[in-house]
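Engineer: Build the full structure now, drawing on both the sequences and the hints.
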Amino acid sequence: MTRVGRIATEASAAARSFLRRRTAVFFTFFFPVILVLIFGALVQTQPTGGGLFAEPAGYYIPGYLAVVVLFTPLSRVGSEIARHRDGGRFEKLATTPISRGEWLLAHTLVNVAIIGAASLLILALVVVVTDAEPVVSPALAALPVFVAVAVALFCGLGALLGALADSQDGVIAASNTVALPLLFLSETFVSPSLLPEWFLPAVAASPLTYFARGTRAIVYEPGPWLGDLAVLSVLALAFLALGAAAVPRTD
Amino acid sequence: MNETAAASASAAEDGEPDRAGGGAADAVAATDSDPVVVGEGVRKSYGEVVALDGVDIRVEPGEVFGLIGPNGAGKTTLVRALTGTTEAEGDLRVFGAPPREVDPQRIGLLPQAFDPPERLTASELVEYYGGLYDAARDVESVLRDVGMADDADAWYETLSGGQKRRTCVATAIVNDPDLLFLDEPTTGIDPAGRRSIHRLIERLADGGTTVFLTSHAMDEVERLADRVALLRDGAVVAVGPPDELIAEHGGEPSLEVALDGPASEGDVEAVREAVREAVREALSDESTESARAGEGEAEKASGRAEKASASKDAPAVESTREGLRIGGVRPEGIGDAVDALEAAGVDFESLAWSEPSLEDVYLRLTGEEYSPRSGEFGETAPDGGDR
Numbered sequence: 002m003t004r005v006g007r008i009a010t011e012a013s014a015a016a017r018s019f020l021r022r023r024t025a026v027f028f029t030f031f032f033p034v035i036l037v038l039i040f041g042a043l044v045q046t047q048p049t050g051g052g053l054f055a056e057p058a059g060y061y062i063p064g065y066l067a068v069v070v071l072f073t074p075l076s077r078v079g080s081e082i083a084r085h086r087d088g089g090r091f092e093k094l095a096t097t098p099i100s101r102g103e104w105l106l107a108h109t110l111v112n113v114a115i116i117g118a119a120s121l122l123i124l125a126l127v128v129v130v131t132d133a134e135p136v137v138s139p140a141l142a143a144l145p146v147f148v149a150v151a152v153a154l155f156c157g158l159g160a161l162l163g164a165l166a167d168s169q170d171g172v173i174a175a176s177n178t179v180a181l182p183l184l185f186l187s188e189t190f191v192s193p194s195l196l197p198e199w200f201l202p203a204v205a206a207s208p209l210t211y212f213a214r215g216t217r218a219i220v221y222e223p224g225p226w227l228g229d230l231a232v233l234s235v236l237a238l239a240f241l242a243l244g245a246a247a248v249p250r251t252d
Numbered sequence: 002m003n004e005t006a007a008a009s010a011s012a013a014e015d016g017e018p019d020r021a022g023g024g025a026a027d028a029v030a031a032t033d034s035d036p037v038v039v040g041e042g043v044r045k046s047y048g049e050v051v052a053l054d055g056v057d058i059r060v061e062p063g064e065v066f067g068l069i070g071p072n073g074a075g076k077t078t079l080v081r082a083l084t085g086t087t088e089a090e091g092d093l094r095v096f097g098a099p100p101r102e103v104d105p106q107r108i109g110l111l112p113q114a115f116d117p118p119e120r121l122t123a124s125e126l127v128e129y130y131g132g133l134y135d136a137a138r139d140v141e142s143v144l145r146d147v148g149m150a151d152d153a154d155a156w157y158e159t160l161s162g163g164q165k166r167r168t169c170v171a172t173a174i175v176n177d178p179d180l181l182f183l184d185e186p187t188t189g190i191d192p193a194g195r196r197s198i199h200r201l202i203e204r205l206a207d208g209g210t211t212v213f214l215t216s217h218a219m220d221e222v223e224r225l226a227d228r229v230a231l232l233r234d235g236a237v238v239a240v241g242p243p244d245e246l247i248a249e250h251g252g253e254p255s256l257e258v259a260l261d262g263p264a265s266e267g268d269v270e271a272v273r274e275a276v277r278e279a280v281r282e283a284l285s286d287e288s289t290e291s292a293r294a295g296e297g298e299a300e301k302a303s304g305r306a307e308k309a310s311a312s313k314d315a316p317a318v319e320s321t322r323e324g325l326r327i328g329g330v331r332p333e334g335i336g337d338a339v340d341a342l343e344a345a346g347v348d349f350e351s352l353a354w355s356e357p358s359l360e361d362v363y364l365r366l367t368g369e370e371y372s373p374r375s376g377e378f379g380e381t382a383p384d385g386g387d388r
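Which chain is which? The protein sequence lines are Y and W, in order.
For the first sequence, the numbering used here begins at 2 and goes up steadily by one.
For the second sequence, the numbering used here begins at 2 and goes up steadily by one.
You may find that some hints are simply not true.
Partner residues are not named here, just some residues of chain W that face chain Y (Cβ under 10 Å, in silico) [to be verified]: (1) GLU128; (2) TYR129; (3) ALA155.
Hints in this document: simulated from the structure, not taken from any laboratory.
Note that beta-carbon positions come from the ideal geometry of N, C-alpha and C, so glycine has one too.
Structural biologist: Below you can see the structure in the form of C-alpha cells.
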C-alpha cells in the first residue's frame, strides 16, 4: 500500500465514521447556521454607528467563516485523538504501516471537506439573511485555499491539544479556551480600532488574523492577500508537523 | 504509528534502498530457525511502580507462546514492549530487530483494551485495517475464520461483546502476520466463540504463524500453548511446556469425596489412617513382588512402605466444604482409596477424580492457591519457581 493509499484508507474510514454519526453531522452544520442567524440577522449592525457590530455586514464574512475554520478542527481532531487513545487505537495503528503524519493528514483532509461544505453553507446564508454582497472576482477562487490551509493549521493545533489533554472532556475545555480568545481577537468580529494599541501585537500573532485579513481582502475589501496566505501556509505546515509529532504512538 | 515502516514504504515507493537501517536489514538476515522474539533483562517502570523487572523471554518460530499471570503482573506491558508501543529497558528483538524497526507487515496485534472506530461494519473495519498494509487477506475469508461471516454487515457497536472481540481478532490477522500478539483474545466471548478462536489459533500455528498469547483462561493456554511463561510482579517465575509446568508445580492428582457436608476431624483421621494402611499394604505387595525379582529391590520397597507408614504427610487427606479430599491418588489407586473409605466407615455420595492443571500451577506460583477447607482463594506464600 502506498502512502497515498494509506491516507485514502484512513480518510475514507474517518469520513464514513463521521457521516454516520447524525448528531455530530447535524451540529457541525447547525452551529455556524445558528451563529449567522443570531449575529447576522437577529443582532444586526448597530444602526447608530457604534458598538460591536458597527461595520457593514460584509466585513463579518471572515468572522463567520472563522467560526467553523477554527472551532470544528480543534474539537474534532482533539476529540478524535482522545477517542483513539481511550480505545487503544493508536496502540493498534502503531503496529501498522501508517505513520502519525499520514494519520493526521488523512483526518485533516476529512476536516477540509466537512468545513469546506460548512463554509459554502455559511456564505450562502450570509448572502440570504444579511445585506452582505461578497465581491465576485477571480480572487474568489483563492477563498477555498484559505479555508483549506486554515483548517490544516487548526487540525495541527487540535492534535497538539488532543495529545496534551488527558480526556475528551479535557480536549473540549482546552479547545474552547484556545478558540474563544482567538475568534474574537483576530480581526474577525472585533476590528482593531476597538482594541488598545498595546494589544495589537497579540492580534498580529494570532494565525486566525491572517485568515481574516486574507479572506476579507477577497470577499469584502479587495486588496493584497498573497502575503496573508503565505504566512498562513507556513504556520499550517509548522502546526501540522508539531501536531503529527504529538500524535500518541505509545502509552 | 509506525514511522520507520512508513519511511521504509516510502523509500520502496521511491525506488530507494530500505532506510530502516539495521533493524529491517537484521530482520531480513534473521534465519527461519532464529527465535522470533527475544527479551533479555526487560525492565519497565511507571513512576514508582515496577511493571517489568528483568524479564527474560524467548519465543521460537511457529510456537504458540502463552503468557499468564495475575492482573497487574506485567503481561500487557510486556506485549507493548514487544510491539514497540511502549519504551522499555533491556534487549528486545523481534525477528532480530528492535520492535519499532520490524516490518509491520509481519506483525499482528490485538490490544487488550481495543475499541475500533465506531459506525463501521465488521466488514468495513477489517477492510480498513487491511487497507493500511501492503498486502492483505480477503475480508470475507478473514471474517469467516473468526466466525463473523454472517454478521459482516452489522455495525460494530450493534454486535455482542463476543462478536466485537472476534471482529477485533479479525483486524489482527488481516495482514496474514508471521507473528501474532493476542492480548486476552477471548475475554467476553461465549464458549462457541472461544472455540472458534481456539481453532483459528491452532490453524494459524499449523500454518507456521508464531502466536504470543496472553490470557486468564488457563484451560485455553493449556490447550493452545506449546510453552507457557508465568509472570508475577513483573518477573517470569516459571516457563516451559504446560505438561512440564504441571508436573513440576501442579501438585498431585486428587480424589474429591462428596459427603453430606464437611468431614469431621474424626472422619479425616480415620480415612487418613486407612489410606496410610492401604499405601503400606500396596507397597508391601510391591515388596513381595520385588523379592522375587531380587533382594535389593525388596529392601527398597520395604523402606518406602515404612516411610509411607511413618510419614504423616503420606495420605494428604483434608476436609473440604463438600466432604473431603484425598491427595496423591492416581487412577490405579482409586479402588484402594474406596477401600480405605469403607474401612474407615465413611459413607460417601460421589467421587470425583481430578488431575492437576495449569490453573493449579498458576494458583501455586502466584500465591493465590485455593483452600479446600474454606472454599476460598487466599494469599499464600507462592512457590519460589525459577525466578
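Engineer: It remains to establish, for every hint, whether it holds in the given structure.
Structural biologist: Evaluation of the provided hints:
| no. | hint | in the structure |
| --- | --- | --- |
| 1 | GLU128 | 8 Å, holds |
| 2 | TYR129 | 4 Å, holds |
| 3 | ALA155 | 13 Å, violated |
Of the numbered hints listed earlier, the single one contradicted by the structure is hint 3.
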